[in-house]
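J.: Single-letter residue listing:
Protein chains: 6
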Amino acid sequence: MPQYDLPESELATYRTTAQAPDDLDAFWADTLAEARALATPPTVEQVKTPLVGVEVHDVSFSGFGGERIRAWYRRPVGAGAEVPTVVRYQGYTGGRGLPHQIGFLPTAGYATLEVDSRGQGSGGGNVGDTPDAHGHGPSYLGGFMTRGVLRKEDYYYRRLYTDAVLAVDAVKQLPGVDAERIAVHGISQGGGLALAVAALRDDLSAVMADVPFLCDFPRGMVLATDGPYLELAGYLSSHRDEVGQVLETLAYVDNAVLATRATAPLLLSVALMDTVCPPSTVHAAFNAYGGPKQLRSYPFNNHEGGQFHQEALQLEWLPDHLR
Amino acid sequence: MPQYDLPESELATYRTTAQAPDDLDAFWADTLAEARALATPPTVEQVKTPLVGVEVHDVSFSGFGGERIRAWYRRPVGAGAEVPTVVRYQGYTGGRGLPHQIGFLPTAGYATLEVDSRGQGSGGGNVGDTPDAHGHGPSYLGGFMTRGVLRKEDYYYRRLYTDAVLAVDAVKQLPGVDAERIAVHGISQGGGLALAVAALRDDLSAVMADVPFLCDFPRGMVLATDGPYLELAGYLSSHRDEVGQVLETLAYVDNAVLATRATAPLLLSVALMDTVCPPSTVHAAFNAYGGPKQLRSYPFNNHEGGQFHQEALQLEWLPDHLR
Amino acid sequence: MPQYDLPESELATYRTTAQAPDDLDAFWADTLAEARALATPPTVEQVKTPLVGVEVHDVSFSGFGGERIRAWYRRPVGAGAEVPTVVRYQGYTGGRGLPHQIGFLPTAGYATLEVDSRGQGSGGGNVGDTPDAHGHGPSYLGGFMTRGVLRKEDYYYRRLYTDAVLAVDAVKQLPGVDAERIAVHGISQGGGLALAVAALRDDLSAVMADVPFLCDFPRGMVLATDGPYLELAGYLSSHRDEVGQVLETLAYVDNAVLATRATAPLLLSVALMDTVCPPSTVHAAFNAYGGPKQLRSYPFNNHEGGQFHQEALQLEWLPDHLR
Amino acid sequence: MPQYDLPESELATYRTTAQAPDDLDAFWADTLAEARALATPPTVEQVKTPLVGVEVHDVSFSGFGGERIRAWYRRPVGAGAEVPTVVRYQGYTGGRGLPHQIGFLPTAGYATLEVDSRGQGSGGGNVGDTPDAHGHGPSYLGGFMTRGVLRKEDYYYRRLYTDAVLAVDAVKQLPGVDAERIAVHGISQGGGLALAVAALRDDLSAVMADVPFLCDFPRGMVLATDGPYLELAGYLSSHRDEVGQVLETLAYVDNAVLATRATAPLLLSVALMDTVCPPSTVHAAFNAYGGPKQLRSYPFNNHEGGQFHQEALQLEWLPDHLR
Amino acid sequence: MPQYDLPESELATYRTTAQAPDDLDAFWADTLAEARALATPPTVEQVKTPLVGVEVHDVSFSGFGGERIRAWYRRPVGAGAEVPTVVRYQGYTGGRGLPHQIGFLPTAGYATLEVDSRGQGSGGGNVGDTPDAHGHGPSYLGGFMTRGVLRKEDYYYRRLYTDAVLAVDAVKQLPGVDAERIAVHGISQGGGLALAVAALRDDLSAVMADVPFLCDFPRGMVLATDGPYLELAGYLSSHRDEVGQVLETLAYVDNAVLATRATAPLLLSVALMDTVCPPSTVHAAFNAYGGPKQLRSYPFNNHEGGQFHQEALQLEWLPDHLR
Amino acid sequence: MPQYDLPESELATYRTTAQAPDDLDAFWADTLAEARALATPPTVEQVKTPLVGVEVHDVSFSGFGGERIRAWYRRPVGAGAEVPTVVRYQGYTGGRGLPHQIGFLPTAGYATLEVDSRGQGSGGGNVGDTPDAHGHGPSYLGGFMTRGVLRKEDYYYRRLYTDAVLAVDAVKQLPGVDAERIAVHGISQGGGLALAVAALRDDLSAVMADVPFLCDFPRGMVLATDGPYLELAGYLSSHRDEVGQVLETLAYVDNAVLATRATAPLLLSVALMDTVCPPSTVHAAFNAYGGPKQLRSYPFNNHEGGQFHQEALQLEWLPDHLR
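Chains as they are written, first to last, in this note's numbering: chain A, 22 to 344; chain B, 22 to 344; chain C, 22 to 344; chain D, 22 to 344; chain E, 22 to 344; chain F, 22 to 344.
Possibly wrong hints are sitting among the right ones.
[Stated by the list, open to error] With the C-beta cut set under 8 Å, the calculated list includes, among others, these residues of chain B facing chain A:
(1) Gln122
(2) Gly124
(3) Ser143
(4) Ala154
(5) Gly158
(6) Phe165
(7) Tyr256
Honestly, the hints are just simulated from the structure, not real lab data. For every residue, glycine included, the Cβ atom is placed at its ideal position computed from N, Cα and C.
Full structure from sequences and hints, please.
T.: What follows is the structure, given as structure tokens:
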């Protein structure tokens with residue numbers, strides 16, 4: 022795939038056409054307040070693994086509707102009493118995985134909370150353990166993108182964003198976490214969730230989002246050639262009269278809209294041959310982002326983005342913000 | 022795609038390796054009894070359409086869990102007091118469609134009940150109007166094939182089969198239906214549902230199933246190269262330890278297993294280049310079918326099957342069984 | 022496929038670069054006069070079908086060169102003496118189909134004439150019954166798009182357009198047709214034929230064209246990524262010195278050129294992700310259309326276009342123009 | 022593509038299931054006699070080219086129905102009075118090409134007659150100059166494979182085979198040709214034509230057929246995944262009731278049937294990964310071939326076959342049979 | 022992709038048709054002896070990383086021809102004086118990666134040596150740092166599979182296997198490695214290398230090979246539909262006369278041949294939908310393996326194989342053999 | 022593929038963004054001087070072939086580093102003492118082929134030197150016989166495009182360009198060649214080599230380059246969707262920090278940069294649907310070309326370009342410049 026989107030000079034200033042609904046902040050304030058009212062403390066249970074350098078704990082915490090969300094809490098063995106912690110969100114269809122899948126952070130001295138996505142967790146080998154207790158009306162191939170998309174109250178991503186925000190509430194209550202030094206991180210859908218949490222919280226030390234999804238829906242839906250934006254296009258190819266209704270709902274979860282609310286430092290990556298999350302949609306979120314921000318662009322990558330190179334950069338960048 | 026499956030001589034005697042669970046009949050008897058206990062009468066409301074030759078009524082009836090399922094009840098204008106009626110089920114992802122999509126039966130003098138598939142109805146332009154109120158654990162890309170597949174009680178197709186069986190309960194209560202002359206029909210998933218209803222009822226006059234899905238899962242899952250059997254394979258490619266559990270659940274909804282219970286006359290079609298519902302899986306159901314049966318094979322078709330040619334055959338075959 | 026063509030703002034004013042040949046009107050006047058001089062009355066023979074609500078008649082009428090074209094004439098049983106009638110043309114490779122394939126119009130009270138495309142009728146299950154008695158020079162994969170394309174007199178579409186125009190001559194002679202209330206309709210190639218007939222007749226009450234093909238060849242040939250425009254590009258990729266000659270011929274059958282001559286009310290649909298009939302080529306015809314006109318745009322559809330939703334709209338729109 | 026067909030051990034003995042019709046020989050005897058009765062002598066006109074080592078002549082000769090077929094007659098400059106000559110037939114969609122496309126034979130001392138395929142000649146850059154004056158009924162995408170396939174008298178390949186046989190009649194009349202030393206050669210469709218001519222003549226010195234098409238239709242139609250056998254499968258996927266009729270016609274032009282009549286020495290090549298002409302279909306013709314025969318198998322090639330390596334082998338093999 | 026290879030019952034006993042050359046053992050004994058004669062001690066230099074739980078050292082050691090091979094030596098911080106160590110080899114085109122890519126073993130208490138593949142290291146984001154100083158004759162697309170394949174002495178894999186064997190020589194000399202407890206591991210090409218090392222050494226404690234490549238070339242070359250076996254098929258599709266020569270060379274590096282020499286305990290995985298390393302080729306190596314062995318089969322996976330599930334199994338299996 | 026690149030009006034003036042390095046001329050002067058210092062005279066050995074009109078000689082000459090490059094020298098039998106000669110270069114992955122593959126020039130009275138590309142010669146059936154004795158660091162899939170690309174001194178194309186330039190040194194020493202009338206020609210990579218030779222020599226009579234590769238790397242790398250430019254993009258998708266270094270090297274071999282140095286008459290062809298060598302990259306070289314020049318554009322062709330039509334044009338154009 023070539024560099025098919027806007028030239029880099031235009032990417033630098035591109036803005037989404039999506040508009041913030043008048044009640045955007047109220048919608049999220051109410052949604053989070055309701056969920057928090059139903060929350061109970063997280064449970065933590067250490068699991069036995071063959072690992073000797075990292076402790077793994079099975080955590081459950083209250084998300085949307087008070088429903089329990091599963092996560093792995095991992096902590097370097099022998100670390101100090103309270104360590105900086107990164108809350109991580111999953112790519113589309115993925116789950117928290119198996120206990121020994123520790124990722125690149127714990128051996129660098131960080132605790133992590135690897136959070137499930139409700140109902141997801143069967144793709145790419147990363148299994149999940151958290152159901153989504155909510156049924157739904159007709160959805161495209163059953164996919165998550167269009168579940169409840171006709172009403173903002175019913176939309177799947179209202180629940181998932183709430184879970185993501187409350188994951189930070191929960192992590193701050195975990196033993197051994199330094200509640201003053203919390204970062205969020207994710208790739209693709211996980212990057213979108215990290216951005217959303219950045220917009221809906223003011224207590225984060227750092228935000229890392231890689232090739233984030235869930236940004237600038239009006240453009241993503243008509244430009245992406247792979248991946249979950251196509252579910253929305255697919256839904257609207259059948260439900261031809263619901264375009265307006267769908268766009269209305271999506272405006273509440275569009276990170277190109279929400280990003281203006283964010284204040285924490287951001288390290289974001291974009292791939293200029295990305296056919297899943299078109300680079301303009303990622304720039305739409307980055308350009309709108311309210312906090313200090315740094316961008317790493319990968320001109321020859323598709324949605325795999327920076328991979329290990331971005332990890333290496335993050336390991337350098339994190340200490341400046343988290344320690 | 023070539024004729025990639027067994028040669029026709031072997032298709033003629035092929036049997037599934039799936040085994041009927043000991044409690045198969047009890048499972049379905051209990052499931053249906055529970056649902057019927059919660060049922061209330063169907064509602065019927067005529068809708069205004071530009072059609073002059075066919076009346077269209079918006080019907081809702083009680084399916085699994087007493088939940089309301091939507092359907093279109095169509096009746097030839099000026100037909101007699103009670104007409105033979107065909108209950109029709111939808112292909113995967115499809116819904117009952119729009120009121121004017123009358124299909125090929127009403128102008129031939131039959132009433133039809135076009136039944137929604139809960140939660141489906143966003144694919145191929147055939148929209149649906151019936152939600153599935155049940156959440157679920159991790160499922161492959163969110164698709165219906167793997168929702169609740171780890172427990173037979175939770176499996177999506179337990180609900181959908183129940184809806185399909187109760188659609189016949191409902192149609193017999195509709196004004197203008199000749200309750201003694203009921204046929205079922207469907208294509209692909211709809212054909213699988215028609216077969217399931219044939220196995221779970223003893224009051225049908227005729228069964229028509231075209232290139233049916235939901236037959237011989239153990240083979241479909243390892244042979245299909247397109248379509249929803251791949252969701253099961255995809256799920257198990259992540260959930261590598263759940264193969265046994267999944268096969269156990271599937272045995273309860275496998276029409277190659279259930280078909281031995283059927284008694285009504287069957288007209289079935291199979292396509293020998295079908296990559297979605299491999300011909301051997303269709304033969305597995307046909308060969309096991311307990312009632313009188315007739316097969317039409319399309320040697321050069323993929324999953325589109327016989328289309329209009331099969332319709333023409335059905336219009337010839339139906340009067341012998343339904344009138 | 023994303024929205025790959027011009028943005029909607031530019032579509033609204035886009036015009037083809039094709040120019041009307043000086044003798045365009047004379048060419049068609051002569052062509053039609055010659056064909057009409059050879060015409061004999063249509064034959065009509067009722068066929069026995071299992072349908073009770075619709076009568077089906079096998080019609081043949083004189084097309085180009087006096088050659089007989091087959092069609093199905095369908096009429097609602099019990100309709101008045103003379104009913105408004107829609108002449109329908111087929112998509113590329115399709116034929117008039119089987120007698121029972123009645124489509125969405127007859128049960129709404131309209132008669133229809135479902136017209137074969139000479140030589141076509143083997144694609145998508147819609148069989149045809151009309152040969153094209155004319156041989157041809159080298160053509161790309163044998164396809165119809167390049168048969169005789171080097172001379173306007175020999176071009177296949179000269180014959181097909183003539184057949185389409187004379188189908189209306191014929192339908193007006195059929196018993197039970199209200200000759201004052203004739204509409205034409207088609208999808209893709211059928212939509213192009215409907216537009217051509219609208220340009221070459223002045224007695225139509227209504228024109229409906231969906232995602233029409235055969236519009237703005239100079240652009241279609243270099244932009245389409247699927248479908249029959251590629252036959253032209255394919256032909257010219259071998260016959261590299263014939264570009265000018267081919268464009269010259271095509272100008273005589275280009276509906277973006279012919280459309281200025283049309284006067285009847287038009288309901289047209291376009292799909293913004295259409296890779297077969299690029300939206301700009303459809304707009305080129307719509308923007309040039311001489312009569313009253315209405316456009317329905319489907320932003321998330323490929324060449325399937327509006328399908329049942331467009332049918333529903335047509336059923337609402339038709340009575341205003343045909344009754 | 023892997024070696025997907027029968028293992029080599031089974032290829033060695035594989036036979037087609039197609040049966041010779043009772044009147045096969047009479048059909049061809051009559052067909053050829055009729056055509057010869059209409060034949061007039063070939064015309065030969067030297068064309069000016071930039072070539073200095075090879076003369077090129079534009080030839081036309083009488084084929085089926087006395088219709089003129091175009092060909093290039095090429096002759097090494099300075100060769101003796103009469104030279105051995107190879108009549109060459111074209112691959113599907115190709116034509117005789119441009120005058121300077123001399124191929125590999127003339128500089129080796131052979132004259133060649135490069136024969137057009139009527140109506141073809143727009144594919145792969147090899148243009149043709151010979152029309153097919155015959156119209157036809159519905160054909161799949163307009164392709165040649167299904168033109169007139171419902172009646173053996175009307176079938177396109179009856180005409181093409183006749184042209185191919187009469188090309189040898191013609192070449193023997195050309196000045197400078199040694200009429201006692203004529204070979205035929207072709208690749209793919211051209212290979213099928215060479216085999217057909219070998220079966221329908223007894224005066225050839227040598228036959229070379231590479232990855233021949235038009236052999237063992239019953240198997241080719243259900244096994245090929247690319248190329249023109251798919252036109253037959255495509256046609257029958259719409260014309261579902263004509264399978265028997267089509268197979269009946271094809272038996273008259275099936276080289277796996279005709280080959281038993283051949284007597285001239287044959288050099289044939291087959292490619293074991295050929296998805297256009299499955300190796301079993303090629304073996305079906307080879308195994309049935311009546312004359313002396315030699316096979317070269319290319320285990321790792323698809324339909325490109327032996328290319329230059331086969332040419333080199335042919336240049337070694339030809340002198341033993343042609344000089 | 023379905024399960025396209027042999028049924029599981031036949032896989033269990035399948036053997037390669039490749040034969041051990043008479044001088045196979047001498048060839049490898051000489052090759053290794055020559056390389057060892059040129060070897061100098063490994064160099065080890067600790068690199069500074071942001072990791073706190075794992076030390077990373079940049080190692081170079083002598084491989085084939087005394088040429089230096091790069092590797093990462095990683096060691097859990099705070100581990101005992103000498104730890105069990107796993108030597109890991111890379112998948113095709115991959116390299117040792119970046120320092121922080123520690124994989125799943127070090128936090129479980131194992132040291133690892135992540136060995137470069139000479140000349141490779143630009144694929145999938147896993148960069149490498151080791152050149153291959155040897156030029157070569159014509160090779161298919163330049164790929165490694167066909168470099169020098171015409172002479173066993175020149176073949177690329179002679180060098181790469183030698184590097185892999187000498188990596189174990191080297192690791193035993195590294196400070197902190199328990200030279201009595203060495204395992205080898207790899208996936209795909211890495212799995213093939215692990216098997217080769219198992220055949221060419223007698224001092225290993227454990228061998229883990231996942232979906233191994235480089236097994237049973239005669240079958241892999243004609244059955245695989247993706248991946249590097251296709252380079253061999255591609256090469257032979259041009260070099261049509263070199264099939265015998267190529268197979269002769271490949272027999273020296275075929276792990277289905279070499280495996281009979283192996284004695285160390287093996288944990289192997291196979292994926293039954295693997296289109297890159299067909300399951301029969303993997304079984305050919307497993308069935309021939311000379312030491313104690315255990316197989317994990319993944320019926321629904323393509324070449325990704327068991328991924329994290331296989332890792333979890335390996336973490337359980339390793340202590341029984343390595344501690 | 023549509024015409025996806027710039028419109029023709031913009032192509033006419035498009036310029037590359039690549040800049041000539043300050044030491045560009047010195048780099049090539051030094052490189053060629055070094056190679057010439059090591060050169061020894063070409064060897065010529067006639068090979069026996071079945072051809073009677075063309076003599077074929079096996080030539081080897083000194084290329085980069087004095088290494089011997091293989092070529093076929095072909096000469097019309099019976100031509101005068103010294104004939105105009107065309108040096109021809111190969112497409113990517115191809116070699117000089119077999120002796121009898123004479124191409125279109127020798128029978129037109131030209132001698133040709135068909136030059137191998139070192140290390141290439143296994144693709145498309147055109148085999149080669151020249152090794153590249155140089156190893157390399159990590160390269161993408163082993164392909165030639167990225168071998169040594171981090172240092173201009175090590176880059177594969179430094180060697181290949183030098184070979185191409187010295188092929189002309191060699192051809193002028195061959196018996197029977199008119200050293201005053203030398204042309205160069207190639208397609209794709211061969212076209213790029215012809216352009217490079219045109220820039221690095223001042224003694225050519227004519228240059229013919231068809232759909233040339235190796236022009237305007239900065240654009241080719243981000244726009245091509247097929248072919249070897251993708252190797253560069255692929256390499257940089259892993260080696261994410263080496264973009265600058267790679268572009269620096271490429272500037273030394275970019276024909277859109279070098280072309281300003283050329284002085285010989287040029288006949289160039291471009292294809293407007295070329296996905297391998299985007300038309301803008303070809304125009305970048307043409308627009309910069311320093312000598313007299315003529316362009317033939319093929320609007321409906323992909324990378325196959327003008328094929329036989331371009332050959333015919335070349336046969337007309339050559340005599341004006343070479344005789």
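J.: A separate judgement is required for each hint: does it hold in the structure or not?
T.: Outcome of the hint check:
Interface restraint check: Gln122 of chain B against chain A, minimum CB-CB distance 13 Å, threshold 8 Å, status violated. Because the beta carbon of Gly124 of chain B sits about 18 Å from the nearest beta carbon in chain A, more than 8 Å, this interface hint is broken. Proximity of Ser143 of chain B to chain A holds as hinted, the smallest CB-CB distance being about 5 Å (cut-off 8 Å). For Ala154 of chain B, the interface hint holds, the least distance from its beta-carbon to any beta-carbon of chain A being 4 Å, beneath 8 Å.
Given hint, Gly158 of chain B at the interface with chain A, holds; its Cβ is 4 Å from that chain's nearest Cβ, closer than 8 Å. Of the supplied interface hints, the one on Phe165 of chain B holds, with its beta-carbon coming within about 5 Å of a beta-carbon of chain A, less than 8 Å. Annotation: Tyr256 of chain B was flagged as interfacial toward chain A, and the flag holds, the nearest CB pair being 5 Å apart, inside 8 Å.
Comparing the model with each earlier hint shows violations of hints 1, 2; every other hint is respected.
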